[in-house]
Amino acid sequence: MKQLHISPAPHERRPMTTMQIMLRVFIALLPAAVVGCLTFGIRAAVVIAVCILSSMFFEFLCRILMKRPQTITDLSAAVTGLLLGMNLPVDIPFWQAVVGSFVAIVVTKQLFGGLGQNFANPAIVARIVLLVSFQESMTTWRMPHSDAIASATPLVSNEASYLDLLLGNTAGCIGETCAIALILGGVYLLVRGIISPAAPIGFIGTFAICTFLAGNDPLYQVLSGGLLLGAIFMATDYVTTPITKSGKLLFGIGCGALTFCIRQFGGYPEGVSFSILLMNLLVPYLDRMTKTKPFGAMPHRKEAKSHE
Amino acid sequence: MKRLNGVHLSHRKHTEDHLTELFPTPKSVQIPMQMHIGAPCKPLVKIGDYVTVGQKIGEPLGEFSVPIHSSVSGTVTEIVDFRAPNGSLIPSLVIVSDGEQAFCPDLAPPEIHSKEDLVAAARESGCVGLGGAGFPTHIKLAAKQPIDTLVINAAECEPFITSDCRQIMEFPEDIIQGIQLVMKHLHIKSCRIGIEENKPAAIKRLADCCRNLEHIEVRVLPALYPQGAEKVIVYHTTGRIVPEGKLTADVGVLVLNVSTCAFLYQYTQTGIPLTQRRVTVDGDAVGRPCNLMVHIGTSIRDILAYAQYDPDQVKQLMLGGPMMGVSLPSPDMPLCKQHNAVLAFTKTKQIIPTACIRCGKCMDACPMNLMPMELERAYRAKDSGALEEYRLHLCISCGCCSFVCPAKRPLTESMLLAKNFLLDSAKKGESKE
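Sequence order for the protein chains is E and W.
Read in order, the letters of the first sequence correspond to residues 53 to 360 in the working numbering.
Read in order, the letters of the second sequence correspond to residues 38 to 470 in the working numbering.
Looking at chain E on its own, in the form it has when it is part of the complex (with noise of 0.2 Å):
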């Protein structure tokens, strides 16, 4: 008998991985992804795959120089990377969505410390530092299935129809135009556990209550802009939501009145990713504020301390 292998208890694991996590998340992903390909030509797949590159890239050299053990395996660049890309519009500039690549990996995530670490999540980040640094190329939206320019999103020319929105037959980012397919993505991480419900459902009711009562179409305002990728993919990554379901519906909540109040009376057409952007900031407001209750746990903390 050779040397025998000691571990603490438990000696058996679930075989679900962190990898394994981001590959599904990039999985429901793809079907807007692909849409938005579709819709806007070959120009849509090569930014994606810029910035999908990049941000590997970029993780990979800043483990190396941080001399960190290399994370690029576990696959949550690609996952940003793909966000980030299907948050941009066709005819950005490639190096331009390079640089939102060095900003979500480099600077909201690994200079804080890598994955789990980030306070803000990397694709919101690179794509608010985007817009408000290169105004023109971020909102210059071109039509679906055709070279010319359109003259605004949906959001902001009030003239698509449900069907368009719903197939993604508008002007707008690449991976936001289509409905049906980000929410087939949301299904898709729900049954697999991937995601709770709590945050998307918090986002999507409140928006739409709100937005309701402000006299607008809520559901043209849900299907319409960022509003969809927001709340099923951003608004649900764990590491810059909070952890507990009420949390999660708190975000959510925050994020969509938050939503409501940019769109209805602030200065952006889109209010989608500053919306989560400043909810990420209070993530740790949250966490205290819904800690679970322990089974059995007494009000009183001394009470239980003697006793022991």
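No incorrect hints appear here.
Cβ-Cβ distance ranges computed for the label pairs, FRET-style: (1) 67(E) x 342(W): 25 to 35 Å; (2) 185(E) x 467(W): 51 to 61 Å; (3) 342(W) x 253(E): 51 to 61 Å; (4) 122(E) x 238(W): 49 to 59 Å; (5) 465(W) x 253(E): 47 to 57 Å; (6) 324(W) x 253(E): 51 to 61 Å.
Each computed DSS-like pair below joins lysine-lysine, with the alpha-carbon atoms no more than 25 Å apart: (7) 181(W) x 226(W); (8) 83(W) x 93(W); (9) 419(W) x 464(W); (10) 352(W) x 384(W); (11) 384(W) x 445(W); (12) 152(W) x 221(W); (13) 226(W) x 283(W); (14) 343(E) x 419(W); (15) 39(W) x 297(E); (16) 83(W) x 64(W); (17) 384(W) x 50(W); (18) 445(W) x 419(W); (19) 152(W) x 181(W); (20) 456(W) x 283(W); (21) 345(E) x 283(W); (22) 345(E) x 419(W); (23) 456(W) x 345(E); (24) 345(E) x 39(W); (25) 345(E) x 297(E); (26) 445(W) x 297(E); (27) 64(W) x 93(W); (28) 39(W) x 283(W); (29) 152(W) x 283(W); (30) 343(E) x 456(W); (31) 226(W) x 152(W); (32) 419(W) x 456(W); (33) 343(E) x 39(W); (34) 445(W) x 343(E); (35) 343(E) x 297(E); (36) 445(W) x 119(E); (37) 386(W) x 352(W); (38) 241(W) x 226(W); (39) 283(W) x 343(E); (40) 283(W) x 181(W).
In case anyone wonders, no lab produced these hints; they're calculated from the structure.
Note that the Cβ used here is the ideal one computed from N, Cα and C, for glycine as well.
Take the given structure of chain E and dock chain W to it, following the hints.
Just chain W now, kept in the frame of chain E:
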């Protein structure tokens, strides 16, 4: 009633249909002077002494301690320090068997007329919880709090282990008699037997035995690990919540493992103390998975050899189940009273932890509804305030959090380390004052 969290495990109860085999009397046994939670015993015999089966060879020191009896007849040849898997050194007696298995002449069934008699008998029998924890049974029976419900723990929620299941299949009457014995002398009105739904034959056997007994009820529980954890089974069978820092007795419940209960009855009939126990031998390195009736102190190596294990292929040995058992550095150690399984595996997995992604799966799996990721973070920051705030002391070390963690973080291990850290810092605080 809300169900507590837990995890679904692959049961792999390969041995549930195998009749228990009597393990042949070993050539020698090594009997540690501590096989329970509580102080070690003082050896009552010297090197060269002749001992008989059931003879008391370890005198308990302190309330929580129970006596230790010889499991063979023969000669004490050595007193060695035995390194337990938890690292502590325990003096233990090596007894070379003469093969006679002569019983100690003093053994006689105890006369039991009261609760005090039962408590004394339980202690004299050397009885500890046979489910794995090794908690002295007489302490539970002696509880001062008024007890109205007896919960019999037959959940056996760990994978592989079937020793309790075989107890039910082979000697269900002992269990029922044991229940009635305890109920009678402790004046307990009702009894619930909690058993996981994955043992239909055992459930039927118990239900048949309890058919005409209206105070005893079999509660079939979902096969959700850790169903057999004390607080969990109390809640799922009675609906009672054991508050923080309290015992099950504080909510009027006495919990006994099913095999412990059966042993108590056996002892009152024969007067033979705890010198044998049923143990499951399984794992992919074992050629013939089985349940064995083994003399306490038998070498694990002999037990594995009997079950035809492959010594060259074994990579990991475990005492107890894969969720809470301890892994052994060597098979050269004795089987103690509280060990319900010996598992041998040919495969091990190198587990490399990666960063926590805050998925919250540990929290969703925790039966105590704790937040293991927060506790781990607090431990790494050596933040004793946060450890208490997140109720570290409620952790039952069931292993669910580590089991589900996709980042493979050693959460359960961190909880244990954190508990020790809190103890140490409390001690330091005292010594400063």
